[in-house]
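Each chain is listed here by its residues.
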Amino acid sequence: MLGRTLREVSAALKQGQITPTELCQKCLSLIKKTKFLNAYITVSEEVALKQAEESEKRYKKGRSLGDLDGIPIAVKDNFSTSGIETTCASNMLKGYVPPYNATVVQKLLDQGALLMGKTNLDEFAMGSGSTDGIFGPVKNPWSFSEQYRKKRKQKSHGEKEDSDWLITGGSSGGSAAAVSAFTCFTALGSDTGGSTRNPAAHCGVVGLKPSYGLVSRHGLIPLVNSMDVPGILTRCVDDAAIVLGILAGHDPKDSTTVQDPVKPFVLPSLTDVSKLCVGIPKEYLAPELSSEVRSLWSKAANLFESEGAKVIEVSLPHTSFSIVCYHVLCTSEVASNMARFDGLEYGHRCDVGVSTEAMYAATRREGFNDVVRGRILSGNFFLLKENYENYFVKAQKVRRLIANDFVNVFNSGVDVLLTPTTLSEAAPYTEFIKEDNRTRSAQDDIFTQAVNMAGLPAVNVPMALSSQGLPIGLQFIGRAFCDQQLLTIAKWFEKQVQFPIIQLQELMEDCSSVSENGKLASVSLK
Amino acid sequence: MAAPVLRWLCPGRCWAFARIGGCSCHGRGVPTASTSSGKRGQSSVARQSLITAQEPRKGDREWAAVVGLEIHAQISSNSKLFSGSQVHFAAPPNSLVSFFDASLPGTLPVLNRRCVEAAVMTGLALDCRINKKSLFDRKHYFYADLPAGYQITQQRLPIAVDGSLAYSVCVGKKLGQAVTRTVRVRQIQLEQDSGKSLHDDLRSQTLVDLNRAGVGLLEVVLEPDMSCGEEAAAAVRELQLILQALGTSRAIMAEGQLRVDANISVHHPGEPLGVRTEVKNLNSARFLARAIDYEIQRQISELENGGEILNETRSFDYKLGCTVPMRDKEGKQDYRFMPEPNLPPLLLYDSASLPAGADPQQVINIDRIREQLPELPSVTREKLVRRYGMLPEHSFALLNEVGLLEFFQNVMKETRAEPKKVASWVLNTFLGFLKQQNLAVSESPVTPSALAELLNLVERKAISSSAAKQVFEELWRSEGKTPAQIVAEKQLELMQDDEALEQLCRATMEAHPQVVMDLKKGNPRAINKLIGLVRKATLGRADPTAIKEVLERQLSG
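Chains as they are written, first to last, in UniProt numbering: chain A, 1 to 526; chain B, 1 to 557.
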């Protein structure tokens with residue numbers, strides 16, 4: 001049952017094949033079994049069981065709230081959840097219990113979803129590995145998959161398997177791992193420069209970054225307000241569309257959400273792609289791109305072409321300036337957004353009481369890690385009066401050029417862009433931490449952050465396993481507010497590539513002992 | 001209590017301080033004691049205008065002062081600029097604080113329509129150009145009562161620009177001509193107020209009250225077109241009246257709804273402007289002019305003693321009567337301005353540009369607000385002068401107290417007395433009583449009708465004007481009685497019986513032969529004594545003019 005998609009399990013609930021409480025308990029057991037993945041910071045067991053109970057009552061009365069009623073979900077720990085600790089994986093917010101729900105969380109709960117817990121991330125979502133939070137790194141479930149283990153046994157003998165686990169990517173690594181390891185059916189991530197799509201690619205799940213302004217940011221603890229978007233992680237494209245349909249729409253509490261009414265997202269099954277024009281941005285052919293990803297990318301392009309779509313090379317000429325531009329804008333907003341963490345109203349406060357200033361300084365030194373402090377320092381540097389024009393304003397201009405690159409391409413008749421999501425498959429933790437956070441982020445966000453600067457919708461769709469047996473995903477980028485069209489194309493692609501399901505028999509077998517009907521054996525089958 | 005709107009200025013626009021050689025103002029016997037130490041008694045800086053009265057002597061170098069103002073007016077609105085918290089003065093600490101006001105992470109600003117309308121209306125009243133597109137910015141600084149670590153303001157593109165404010169000052173020592181001056185309004189911007197920090201030095205604690213945090217402010221920036229404290233105070237007073245007439249701010253300085261910062265510099269006419277200082281938090285009408293004048297004097301003394309002016313922020317110590325550098329703002333602040341990413345540009349429309357089918361709840365039409373503009377104080381005053389022929393300064397005085405104009409107009413409706421006479425009664429007697437007891441017009445025990453009836457009695461010559469004063473006092477004391485009742489009770493009506501007056505006069509002269517003798521000897525004042533005696537005998541009911549006539553007739557006869 002846990003291996004099913006959201007839509008499938010929703011149907012099972014409606015048909016009474018399983019009750020919300022049973023489903024909830026299964027997920028809770030699996031969360032406990034997979035605790036070593038470190039996907040969750042907080043498991044809200046009591047809350048989830050209570051929600052399940054209520055959901056069950058509704059099902060009994062035949063008054064289900066919809067597709068999400070009784071469905072276990074997880075939420076990245078940078079979304080405010082009323083009464084549930086929200087830490088951003090930072091000492092600064094350890095113990096902070098928000099008094100309100102983020103709009104997206106509220107919308108999911110209003111639909112009857114069961115909140116299993118809050119997922120792990122890089123501190124304040126600053127990172128691309130989910131390795132830089134105070135609760136430790138998230139382990140990629142694929143490290144423990146049959147597919148990966150088999151390949152590793154072939155290649156290297158005698159190496160300690162457990163010590164060489166893989167990162168999930170980030171910063172929404174906890175959410176991606178949670179969905180990938182079947183502990184929930186969908187999870188919220190956030191996406192500022194690729195933080196949803198990147199771990200989705202590494203964990204072999206669908207990761208959607210909706211158009212900026214389509215989904216409310218109210219309650220999402222900000223990284224970069226002008227780029228942040230709540231992300232959606234699911235096991236298939238249809239599920240992402242269901243969740244987006246629930247989350248999308250104007251929020252009076254977020255003035256940057258669009259006023260236009262949003263219709264539910266129902267994806268047609270595309271049978272014919274012959275009228276489609278797929279753009280391949282030539283600048284995305286980066287030298288660092290692994291040959292495997294590169295060949296899968298061209299394979300995907302060929303797939304479209306062979307099915308009759310028009311596939312053309314396009315140019316996004318300002319791509320090479322994107323990362324540095326992103327760095328300036330990101331750190332500037334970070335410097336500003338982090339100013340509120342002064343230990344006065346909430347969060348960590350140091351013991352220093354000599355003066356208010358000394359208290360601020362010590363609180364912030366103790367509360368933030370080096371990555372956060374580094375970004376605050378650079379951001380404040382860029383915002384200094386003497387630097388503002390040369391850095392911030394210039395970066396804003398470049399941002400406009402980057403956004404215009406996309407506009408021009410889409411105006412030339414391209415419907416969707418097809419690009420890699422990541423340079424390569426997930427790296428082993430020991431490899432990953434050899435570089436510092438800044439270098440890694442700059443490398444890992446290379447294909448994803450330009451989309452955030454332009455506010456476009458983009459989605460990672462898992463395509464195939466690498467020679468190592470690890471997932472590789474590709475990214476589709478759509479026109480602003482054409483999220484439905486984007487997902488329709490992604491759905492077609494998903495169907496064509498038939499990405500294999502993660503085989504976690506070992507884990508699941510352990511887990512199946514807890515479940516009464518032993519149906520979990522179906523996990524590796526679809 | 002509000003300051004009088006008319007401030008007496010002496011002739012001469014510039015600060016013309018006469019001096020000889022290297023001698024300081026002080027040495028010239030100028031009645032200020034603004035030595036560089038700045039610690040002299042506060043009285044020393046009062047009435048700066050006296051100095052300006054002196055003609056600069058030949059060879060002396062004049063000083064000119066330049067004063068610009070930044071005025072923060074709290075917008076009168078039910079809720080805050082970006083949150084739904086209520087706005088109340090003196091509510092229990094931290095009882096009006098939303099999650100946004102406390103800057104809980106993840107909260108976002110939502111612009112209050114009412115505050116935008118108030119800004120547009122104020123902009124229109126000050127003849128500003130309303131920007132159809134304006135932007136919000138973050139201004140960063142760490143302070144305990146600024147929870148987000150930044151204030152949302154409009155630094156780059158404010159909502160209104162390029163306006164003007166006309167105000168009046170009186171020239172000359174006597175009641176003279178009110179002169180209208182104009183100060184340019186550089187801009188009006190919307191911004192958040194901060195919370196309040198209360199420092200407990202004894203326990204070395206700072207207590208923070210966030211009730212005020214996030215309340216909408218209009219920052220009105222006045223160009224440095226003023227040249228002294230008096231002008232600045234008059235401009236602020238006029239702005240205060242305009243805001244109150246518009247209802248966009250209650251603008252009560254004592255409640256912190258109107259706060260003034262002044263930028264001040266001095267220079268020699270014809271030379272470039274001097275280095276300016278900023279005097280912050282001039283939150284009382286009483287000290288506004290004094291602080292500015294003190295600072296001007298201080299700068300002049302400093303420069304004349306070979307010192308230099310630092311570009312610094314100072315505060316006015318009202319106990320010492322001088323400005324002092326502010327310690328906590330030492331060092332240059334870099335506010336690291338940045339566009340507020342959570343608020344899209346604020347777009348305003350006029351009837352021509354209003355998009356078809358726009359939801360009226362979502363758009364603001366400038367023309368609609370223009371139609372709703374109430375009459376501005378300057379127009380009201382002009383009308384008073386034109387309609388009633390009253391002195392301009394009386395029109396100022398009538399507008400200077402809340403409700404006073406209405407009171408005057410209500411009296412006018414029910415009396416045939418001359419407007420000038422009514423104005424004089426309202427402004428002298430009535431206002432005098434109010435001030436003495438520190439009452440507002442609305443708290444007056446005397447109604448407009450009662451005053452009107454009283455004035456009608458005087459008009460009909462039923463009572464003398466001195467009796468009328470007595471009646472007024474009685475009216476003030478004993479509510480409910482009509483003037484007629486009081487006149488009857490106290491037998492204050494004028495004697496209409498000529499025969500009786502003749503007799504009284506004769507009897508008085510007979511009883512005081514010495515005074516009559518004096519009079520005959522040619523002492524002109526003696527008649528007044530007789531008049532007084534007769535009035536006393538009539539219990540004040542006889543008209544002094546009539547008494548004089550009778551006495552003179554009897555003496556000559």
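If you're looking for bench data, these hints aren't it; they were derived computationally from the structure.
All values reported here derive from a predicted model rather than from experimental measurement.
Be careful, since some hints might not be right.
Capping the alpha-carbon separation at 27 angstroms, the derived lysine-lysine pairs in DSSO-like fashion look like this [claimed, not checked]:
no., chain 1, residue 1, chain 2, residue 2
1, B, K319, B, K435
2, B, K133, A, K394
3, B, K383, B, K420
4, A, K263, A, K14
5, A, K253, B, K421
6, A, K253, B, K133
7, B, K132, A, K394
8, B, K435, A, K397
9, B, K421, B, K536
10, A, K385, B, K421
11, B, K280, B, K196
12, B, K481, A, K394
13, A, K94, A, K107
14, A, K385, B, K139
15, B, K132, A, K397
16, A, K385, B, K280
17, A, K253, B, K132
18, B, K413, B, K332
19, A, K61, A, K107
20, B, K490, B, K536
21, A, K385, B, K435
22, B, K133, A, K397
23, B, K435, A, K394
Query - Satisfaction of hint between K421 of chain B and K385 of chain A, Cα-Cα up to 27 angstroms - result: 61 angstroms, violated
Query - Pairwise hint evaluation, K139 of chain B against K385 of chain A, where the allowed Cα distance is 27 angstroms at most - result: 12 angstroms, holds
Report task. Quickly compare the C-alpha distance for K253 of chain A and K132 of chain B to 27 angstroms and report which way the hint goes. Result -> 24 angstroms, holds
Query raised in the report: Is it true that the CA of K61 of chain A sits at most 27 angstroms from the CA of K107 of chain A?
Result: 22 angstroms, holds
Report task. Starting from K132 of chain B, check that the Cα of K394 of chain A is at most 27 angstroms away, please. Result -> OK: K132 of chain B and K394 of chain A at ~25 angstroms, within 27 angstroms.
Query raised in the report: Going straight from one Cα to the other, do K421 of chain B and K536 of chain B come out at no more than 27 angstroms?
Result: 26 angstroms, holds
Query raised in the report: Is K385 of chain A within 27 angstroms of K435 of chain B, Cα to Cα?
Result: Distance ~51 angstroms between K385 of chain A and K435 of chain B Cα, so the pair is violated.
Requested in this report: Sort out whether K397 of chain A lies within 27 angstroms of K133 of chain B, counting only the CA atoms.
Outcome: 19 angstroms, holds
Query raised in the report: Keeping to a limit of 27 angstroms between CA atoms, is the pair of K413 of chain B and K332 of chain B held or broken?
Result: Since the Cα atoms of K413 of chain B and K332 of chain B sit roughly 60 angstroms apart, the hinted pair is violated (cutoff 27 angstroms).
**Report entry** 27 angstroms limit on alpha-carbon distance, applied to hinted pair K263 of chain A and K14 of chain A
**Finding:** Since the Cα atoms of K263 of chain A and K14 of chain A sit roughly 23 angstroms apart, the hinted pair holds (cutoff 27 angstroms).
Query raised in the report: Given the hint that K435 of chain B pairs with K397 of chain A, does the C-alpha gap stay at or below 27 angstroms?
Result: Violated, at roughly 61 angstroms.
Query raised in the report: Does the alpha-carbon distance linking K253 of chain A and K133 of chain B stay inside the 27 angstroms limit?
Result: 22 angstroms, holds
Hint compliance for this structure: hints 5, 8, 10, 12, 18, 21, 23 are not met, and every other hint is.
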